[in-house]
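Protein chains in written order, with the numbering used here: chain S, 1 to 148; chain Y, 1 to 148; chain E, 1 to 83; chain H, 1 to 83.
Treat the hints loosely; a few may be bogus.
Label-pair restraints from in silico Cβ distances [claimed, not checked]:
#, chain 1, residue 1, chain 2, residue 2, range
1, H, 70, S, 45, 31 to 37 Å
2, Y, 23, E, 20, 45 to 51 Å
3, Y, 23, S, 81, 21 to 27 Å
4, Y, 51, E, 14, 18 to 24 Å
5, E, 20, S, 146, 58 to 64 Å
6, E, 64, Y, 51, 18 to 24 Å
7, E, 69, S, 83, 56 to 62 Å
8, S, 144, H, 72, 47 to 53 Å
9, Y, 126, H, 60, 50 to 56 Å
10, Y, 126, E, 72, 39 to 45 Å
11, H, 17, S, 80, 15 to 21 Å
12, S, 144, H, 70, 29 to 35 Å
13, Y, 23, S, 97, 26 to 32 Å
14, Y, 38, S, 12, 27 to 33 Å
Heads up, incomplete: computed chain S residues facing chain H, CB under 10 Å, no partners named [claimed, not checked]:
#, residue
15, 2
16, 33
17, 41
18, 42
19, 88
20, 114
21, 116
22, 119
23, 120
24, 125
25, 134
Read the hints as simulated data drawn from the structure, not as lab findings. The C-beta atom is built at its ideal place from N, Cα and C for all residues, glycine as well.
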Amino acid sequence: MIRVEVTDAAFDGAAALAPLGSLGGGAVASFTGIARDDGGVTAIELEHYPAMTEASLSALVDDAVARWSLLGCVLIHRVGKVAVGEAIVLVGTAASHRAEALEACAFLIDRLKTEAPFWKKEHRADGTATWVEAKTSDEDRAAEWLAG
Amino acid sequence: MIRVEVTDAAFDGAAALAPLGSLGGGAVASFTGIARDDGGVTAIELEHYPAMTEASLSALVDDAVARWSLLGCVLIHRVGKVAVGEAIVLVGTAASHRAEALEACAFLIDRLKTEAPFWKKEHRADGTATWVEAKTSDEDRAAEWLAG
Amino acid sequence: MLLVYFARVREAIGVDGEDRVLPANVLTVADCLDWLADENANYAAAFANRDKLRFALDQQMVWEGTALEGAHELAIFPPVTGG
Amino acid sequence: MLLVYFARVREAIGVDGEDRVLPANVLTVADCLDWLADENANYAAAFANRDKLRFALDQQMVWEGTALEGAHELAIFPPVTGG
Numbered sequence: 001m002i003r004v005e006v007t008d009a010a011f012d013g014a015a016a017l018a019p020l021g022s023l024g025g026g027a028v029a030s031f032t033g034i035a036r037d038d039g040g041v042t043a044i045e046l047e048h049y050p051a052m053t054e055a056s057l058s059a060l061v062d063d064a065v066a067r068w069s070l071l072g073c074v075l076i077h078r079v080g081k082v083a084v085g086e087a088i089v090l091v092g093t094a095a096s097h098r099a100e101a102l103e104a105c106a107f108l109i110d111r112l113k114t115e116a117p118f119w120k121k122e123h124r125a126d127g128t129a130t131w132v133e134a135k136t137s138d139e140d141r142a143a144e145w146l147a148g
Numbered sequence: 001m002i003r004v005e006v007t008d009a010a011f012d013g014a015a016a017l018a019p020l021g022s023l024g025g026g027a028v029a030s031f032t033g034i035a036r037d038d039g040g041v042t043a044i045e046l047e048h049y050p051a052m053t054e055a056s057l058s059a060l061v062d063d064a065v066a067r068w069s070l071l072g073c074v075l076i077h078r079v080g081k082v083a084v085g086e087a088i089v090l091v092g093t094a095a096s097h098r099a100e101a102l103e104a105c106a107f108l109i110d111r112l113k114t115e116a117p118f119w120k121k122e123h124r125a126d127g128t129a130t131w132v133e134a135k136t137s138d139e140d141r142a143a144e145w146l147a148g
Numbered sequence: 001m002l003l004v005y006f007a008r009v010r011e012a013i014g015v016d017g018e019d020r021v022l023p024a025n026v027l028t029v030a031d032c033l034d035w036l037a038d039e040n041a042n043y044a045a046a047f048a049n050r051d052k053l054r055f056a057l058d059q060q061m062v063w064e065g066t067a068l069e070g071a072h073e074l075a076i077f078p079p080v081t082g083g
Numbered sequence: 001m002l003l004v005y006f007a008r009v010r011e012a013i014g015v016d017g018e019d020r021v022l023p024a025n026v027l028t029v030a031d032c033l034d035w036l037a038d039e040n041a042n043y044a045a046a047f048a049n050r051d052k053l054r055f056a057l058d059q060q061m062v063w064e065g066t067a068l069e070g071a072h073e074l075a076i077f078p079p080v081t082g083g
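Chain S with its partners taken away, still in its complex shape (with noise of 0.2 Å):
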């Protein structure tokens, strides 16, 4: 069961994961990152490359379950404006075993942060909008994924 989306609309994430604890394994792992009021942010645009998104998403789903036999995966990113409280992204797995799950929740969104065309935009009730810059502490983290 795997399921990839890039959607403008507001998601609902316990729904997405449901069908994760219905296919015989043990474990189900989650991961959900949400817009945050990061000094005053009052909502995150997101923007992405269209012709590109979902197949790097699926490249990265494909990786996951070939290196952990995932039972399941679930990936969903929003693209659009997002408010603060909402959900960016959600990634969900389930395999038989709880290592697996943990590992491969975590190489998702480790990978999705440094390879997946998104761009984010802060917008704040000043009516400013800054582009969040890419943090080096997350190609670290991507590249130990590539190195282990």
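Guided by the hints, dock chains Y, E and H onto chain S, whose structure is given.
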């Protein structure tokens, strides 16, 4: 926001995790352990040490909150008979950033597996029941957190 | 001293707990296991493989060598398998 | 060659994409950046800090030295910040 619960009834994991998304953090991680149909298993019975169980889980949560400055943590564990397909354990963590949430979630389930006083007995369709053996791999994973 | 047993240990001994007065020479968890194992075959069988036993003294995990001094409750059980 | 730009790069250049015929001596991603930067100040500004640029050729991540041969679409953008 801390919630530690030991219950003999099925619980709604999605509802338990929902509050973690509203704490102002950017990251929520979860792990759900599910009773598996492992070679004809119909139910898993969980014995525990009532005088120690909640204190043991709370101590683990306190450890995690101190180590990763979590904004919130949910830990729910079933006792008694759990039908195949039902959740046995739920771990949920909320933090400002993803590394904290993901690591604290893995830490909690790894430590719980070797320190919290629960014992699983597998009931099979043919009427037999056997205690689950502890895995050396679980002790190794838990030891890594203590060493790290 | 309240002695409590769980899972396979409880089944082997046949009771889930008992209140016992310990002899003066029973100072540690290991002493207590030896004393009970000498008493009858059920304890001896339950405690035969010491590697497969874990202990909690007043609800804190301890090891075989831990002194019992002043504690009220000793729990003896197999390695835990929850989660 | 279809050139597409995203985020800060798109804003600096002022368009989100354009179809261009590349000169014969533009063989790699880096050649293409040099050629455009020579053309006008918007490109030069957008490409000033090469460390802060990432590239995809026909929707596959590549690096500055990658040859453009046969590709249809070159995307130029800042390091990604999704998730």
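Tested hints:
Separated by about 35 Å at the C-beta atoms, residue 70/H and residue 45/S satisfy the suggested range of 31 to 37 Å. One distance hint, 45 to 51 Å for the beta-carbon pair residue 23/Y and residue 20/E, holds here, with the actual separation near 48 Å. In this structure, residue 23/Y and residue 81/S meet the distance hint of 21 to 27 Å, their C-beta atoms being roughly 22 Å apart. Range check, residue 51/Y to residue 14/E: Cβ separation about 21 Å, and the 18 to 24 Å hint holds.
The supplied range of 58 to 64 Å is met by residue 20/E and residue 146/S, whose beta-carbon atoms lie about 59 Å from each other. The hinted window of 18 to 24 Å between residue 64/E and residue 51/Y holds, with their beta carbons roughly 21 Å apart. Distance hint for residue 69/E and residue 83/S: a CB-CB separation of about 60 Å, consistent with the stated range 56 to 62 Å. Checked against the hint of 47 to 53 Å, the pair residue 144/S and residue 72/H fails, with Cβ atoms roughly 34 Å apart.
With their beta carbons about 54 Å apart, residue 126/Y and residue 60/H fall inside the hinted range of 50 to 56 Å. Between residue 126/Y and residue 72/E the CB atoms are about 42 Å apart, so this pair conforms to the stated range of 39 to 45 Å. A hinted range of 15 to 21 Å holds for the C-beta pair residue 17/H and residue 80/S, which are about 19 Å apart. Checked against the given bound of 29 to 35 Å, the beta carbons of residue 144/S and residue 70/H, roughly 34 Å apart, stay inside it.
Checked against the hint of 26 to 32 Å, the pair residue 23/Y and residue 97/S passes, with Cβ atoms roughly 30 Å apart. The hinted range of 27 to 33 Å is satisfied by residue 38/Y and residue 12/S, whose Cβ atoms lie roughly 31 Å apart. Taking 10 Å as the C-beta cut-off, the interface hint given for residue 2/S is violated, the closest approach to chain H being about 19 Å. For residue 33/S, the suggested interface contact is upheld, since its CB lies about 5 Å from the closest CB of chain H, less than 10 Å.
Interface restraint check: residue 41/S against chain H, minimum CB-CB distance 14 Å, threshold 10 Å, status violated. The closest approach between the C-beta of residue 42/S and any C-beta of chain H is roughly 18 Å, which is over the 10 Å cut-off, so the hint fails. Here the hint on residue 88/S is kept, as its CB sits about 7 Å from the closest CB of chain H, short of 10 Å. Here the hint on residue 114/S is kept, as its CB sits about 6 Å from the closest CB of chain H, short of 10 Å.
Given hint, residue 116/S at the interface with chain H, holds; its Cβ is 5 Å from that chain's nearest Cβ, closer than 10 Å. For the restraint placing residue 119/S at the interface with chain H, the shortest Cβ-Cβ distance is roughly 4 Å, inside the 10 Å limit, so the hint holds. Proximity of residue 120/S to chain H holds as hinted, the smallest CB-CB distance being about 5 Å (cut-off 10 Å). Given hint, residue 125/S at the interface with chain H, is violated; its Cβ is 21 Å from that chain's nearest Cβ, farther than 10 Å.
Nearest Cβ of chain H to the Cβ of residue 134/S: about 3 Å, under the 10 Å cut. The hint holds.
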